[in-house]
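*Asks:* The hints should help you fit chain B onto chain A, whose structure is shown.
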Amino acid sequence: MFKFRLFTASLLAFYLFFGQVNVQLTIDGVPVTLNQWYTQPNEDSIYLNEFKFYLAVPSDSLVLIDLAEQASLHLPYFSLDDETVLLRIGMDSVMNTCGRLDGPYDPLLGMYWAWNTGYTQLKCKGIVCREGQQYPFEYHLGGYRSPHATNVQQWVRLKEGQPLFIHLERFLSNLPVKTQPKIMLPGPMAHLLFMKFTEGFQ
Amino acid sequence: MRTAFLIVLSLGLCALALVDPKQEADFFVPQGWPKPRYNFENNPLSPEGFELGRSLFYDPILSKDSTVSCASCHLQYTAFAHVDHPTSHGVDSRVGKRNAPGLMNLAWAPYFHWDGGVLNLNGQAVNPITHPDEMGSDLATVLLKLKRQKDYAAAFKKVFGADDIKTQHLLKALAQFTVSLVSANSKYDQMKRKELAFSDQEQRGYALFLQYCNQCHTEPLFTNFKFKSNGIGPHPTLKDEGRSEITGKEKDALTFRVPTLRNIEHSFPYMHDGRYGKLKEVIHHYAKASMWKLPVSSELKKKNISLNSDEEKALLSFLKTLTDKAFLLNPTFEYFSLSK
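Sequence order for the protein chains is A and B. Under our numbering, the first residue of the first sequence is numbered 5, with each subsequent residue one higher. Under our numbering, the first residue of the second sequence is numbered 37, with each subsequent residue one higher.
Bound conformation, chain A alone:
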C-alpha cells in the first residue's frame, strides 16, 4: 500500500513539473483536421490533404508533427516550470546534415530530400477555393543554407494543461496558389512562407 502511494505521489510530482503538451492547429480559431473545408478570415475556403512539419522541444527532442498521425500531436514530455518555452521550428543545419536515419530522421517519413541532403521542414498540400475557382497547391518548404534557412528558435507562451496552439490562417492566406502553386526547392519564397508559418506560434 505504501509503495502504491509512493508511486502515485511520484507520478503527481512528475506531472506537476513535466506536463504533456498537445499540439492544436487552428484556422480562425477552429481546430483543423485533414480532408475538411475551412473558411479563412479572407473568405477563401481551404482544404488540406497533408500537413506536417518538424518541431524540436526543450531537451532537443525532435518530432515530426503530422496531421495524419494523431499520436504525433502529443509532444514528448518537457519541463513546464516557466510559462514560456523555447521551441525550434524546423531543423538547424547540423540536424539536416548529421546523417541520422532513425526516428524522426527516417527517410521513410517522406521528409528526406534525397537529391540534396537535408529535410523538408514543412509539407503542405491541398486546395484553395477563391471566388468560385479551385486552386490545388503543394509546398515542400525546406533548406538550411543562409539566407534562406527554414528554421527558427522561438519562445512560446504555454499554460499548464493547455495545448500548443498554432494558428494557420496567416500562413495559409499568404500561399501564392495562383502564381506559384508548387514549391519544391529551397529559396526566398520557401523561406518567406516558412516564416509566415512560424508567426502562427505567437
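A few of these clues could be false.
Rough simulated footprint, nothing fancy, chain A against chain B, three-plus residues with beta-carbon under 8 Å [claimed, not checked]: (1) 153–161; (2) 166–177; (3) 202–211.
Since the hints were made in silico from the structure, they are not lab data. Don't be surprised by glycine CBs; every beta carbon is placed ideally from N, CA and C.
*Replies:* Okay, now just chain B, sitting in the frame of chain A:
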C-alpha cells in the same frame, strides 16, 4: 600450475572471440592517405554487415519490379561504373541524365553524386532506390520485401540486433559494403611504395600529370573533391546545370565534381554526361586549350595546356598505371547472395 593457468587463459580468450559476433572488420587506410571522413563509429563495420550489404548491392529486390540492382549500373570489373552507356538506364529502360560514376574510396569523400548533393554515404542509397529513372521503388515497399525473406530477416537481426528491419539498417548495410571498396594497389601505388618502377613513358606521363592535372585530380585520391568546369560545354540536349542545382548559385552553374582518376582505364565512358567513350578522347580534349568551350575553371585556364601527340600518349600511359587489378578482380567484392 603455470601451464594450467595458460590453458584457462587461452580457453577464456577463445570464448571471448566466440561470443563477439560484431567484432569490427578492419578498414584499411593505405599508408600516406588522409584520415577517412566516414564516421565508422556511427556504423561499425562487421564481416556480417559487409556480407549483408554485398548481397543487397547485387540484389534487384531493391527496384520496383525486381529487375535492377545497384550492380546493374556499378559493375565491379569497370570500377563499379556503367560501361557503354553515356548515361545509365534503370527500370522500364528509363534513361537518366548522368553517367553512373565509379565507386571506390568513398570513405574519403565529403559528398556524393556529380553535383555533391548528397552529404552522407549512409543516406546515399535512398536516391537510386527511389529515383524513377533508376530503381523507381520506395523505401516502404523495399523494407516489406526484405522482411518477407527469411535470409534477410535473419541477417539484419544478426547485424543490427533488431527484430524489425528499419530504413537505417538497410542503408547502413549497403554503406558497409560500399565504404569497403578501397582501391590502393595500382602500379602507381606500387611505384610509390618502391616495389617497382615506371617505364620511361609512364614517368614522362607522370611528370605531365603533375604539371597539368594534379591540382584538381590531386594525389593520392586523384581528386580534390571540388566542383569545376572543364571546358566541354553544356550537353546539347540534357538540361543539367550541375552544382548550381544544389546551391542555387549562378557561379556554380555547369560545374561538376572532379572525379577520381583511379581505375580510369576501365570506367568509361567519361565526363558527367558520358560524352567520351575513350580515354584518349578525354586526353585530347584537355590537350588543346584553344578548343575548350566556356565555362572553364580558373585553374584550367591558367594551365593553357598544349600537348603534342607524344605527350598525349605518355599521359595515357601514366593514367593506365592507376588501374588496380587487385581491386577490379577482388573476389570479396564479387556477386554474392544471402539467399541459398
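*Asks:* Return the numbers of the hints above that this structure violates; sort them in rising order.
*Replies:* As far as the earlier hints go, not one is violated by this structure.
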